[in-house]
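Q: My request is simple: use the sequences and hints to build the entire structure.
With the sequence shown counted from 1, adding 10 to any position gets you the working numbering.
No wet-lab data here; the hints were simulated from the structure. Worth double-checking, as some hints may not be accurate.
Below, computed lysine to any residue pairings styled on SDA-like, alpha-carbon distance capped at 20 Å [said to hold, decoys possible]:
1. Lys143 to Lys89
2. Lys91 to His126
3. Lys91 to Gly135
4. Lys143 to Thr119
5. Lys143 to His126
6. Lys89 to Ala60
7. Lys143 to Pro103
8. Lys91 to Leu131
9. Lys89 to His126
10. Lys89 to Asp157
11. Lys89 to Ser117
12. Lys91 to Lys143
13. Lys89 to Tyr160
14. Lys91 to Gly111
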Amino acid sequence: MRGAGGKGAPGEPEKSGKPGDPGAPSAPTAPGDTSTAASAPDDELLVCAANAVLEGGRGVRFAVSAFGDAATGFVVRHKGKVYGYLNRCAHVPIELDWAEGEFFESSGTYLMCATHGAIYLPESGQCAGGPCKGGRLRPIALREENDHIYWRPDAVIRPPFIPIKPTHDDL
11 MRGAGGKGAP GEPEKSGKPG DPGAPSAPTA PGDTSTAASA PDDELLVCAA NAVLEGGRGV
71 RFAVSAFGDA ATGFVVRHKG KVYGYLNRCA HVPIELDWAE GEFFESSGTY LMCATHGAIY
131 LPESGQCAGG PCKGGRLRPI ALREENDHIY WRPDAVIRPP FIPIKPTHDD L
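A: Set out below in structure tokens:
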């Protein structure tokens, strides 16, 4: 197991850890290797620091791709747990927040669509009232660990598509 200073196991060459160094691993290389413990596994992406999401308060938005289109996801904290959803009302496919990150109604009990007043249970995304009857928000799998919140893409909610501008060398 490598230590935090980039030292290898006995008989293993020292690695600089600098990006682009062929000897620098981008993920743990063996079971139990904690050299990248502060980063997410390959299938998870960092959303934010855990302290950015306060109980019943402002949520954190993050870019995603949903069904191949640019969209946003969001994270809120309710009863001590974090929950993530696609930022799209089940009634009409529009974003819920009335101001960036404002997903809870005034009591902090329900998530609310600012446009038509649909309300949702934070712990399940299930419609609790308003025009979303029978609908629910699309969940995004989250994990809170080491003071950070990570999300896991799935078949529908993927990392955002970021176009790469060609450089002079590409022409």
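Q: Is the straight-line distance between the alpha-carbon of Lys89 and that of Asp157 20 Å or less?
A: holds, 17 Å
Q: Would you check the hint for Lys91 and Leu131, treating anything up to 20 Å between C-alpha atoms as holding?
A: This hinted pair holds, its Cα atoms lying about 13 Å apart.
Q: Given the hinted pair Lys143 and His126, is their alpha-carbon gap at most 20 Å?
A: holds, 12 Å
Q: Decide if the proposed pair is consistent with the structure: Lys89 and Ala60, CA atoms, cutoff 20 Å inclusive.
A: Given that 20 Å is the threshold and the Cα spacing comes to 14 Å, the pair holds.
Q: Under the criterion that the straight-line Cα-Cα distance not exceed 20 Å, is the pair Lys91, Gly135 satisfied?
A: At roughly 14 Å apart (the allowed maximum being 20 Å), Gly135 and Lys91 satisfy the hint.
Q: Between the alpha carbons of Lys91 and His126, is the straight-line distance 20 Å or under?
A: This hinted pair is violated, its Cα atoms lying about 27 Å apart.
Q: Are Lys143 and Pro103 close enough, with their CA atoms no more than 20 Å apart?
A: At roughly 14 Å apart (the allowed maximum being 20 Å), Pro103 and Lys143 satisfy the hint.
Q: Holds or violated: Lys89 and Ser117, Cα atoms, limit 20 Å.
A: This hinted pair holds, its Cα atoms lying about 13 Å apart.
Q: Could you grab the alpha-carbon distance between Lys143 and Lys89 and see if it respects the 20 Å cut-off?
A: violated, 24 Å
Q: If you draw a straight line from the CA of Lys89 to the CA of Tyr160, is it 20 Å or shorter?
A: holds, 19 Å
Q: Holds or violated: Lys89 and His126, Cα atoms, limit 20 Å.
A: Distance ~25 Å between Lys89 and His126 Cα, so the pair is violated.
Q: Please work out if Lys91 and Lys143 have their alpha carbons no farther apart than 20 Å.
A: Violated - the C-alpha atoms of Lys143 and Lys91 are around 25 Å apart, more than 20 Å.
When each numbered hint is compared with the structure, violations occur for hints 1, 2, 9 and 12.
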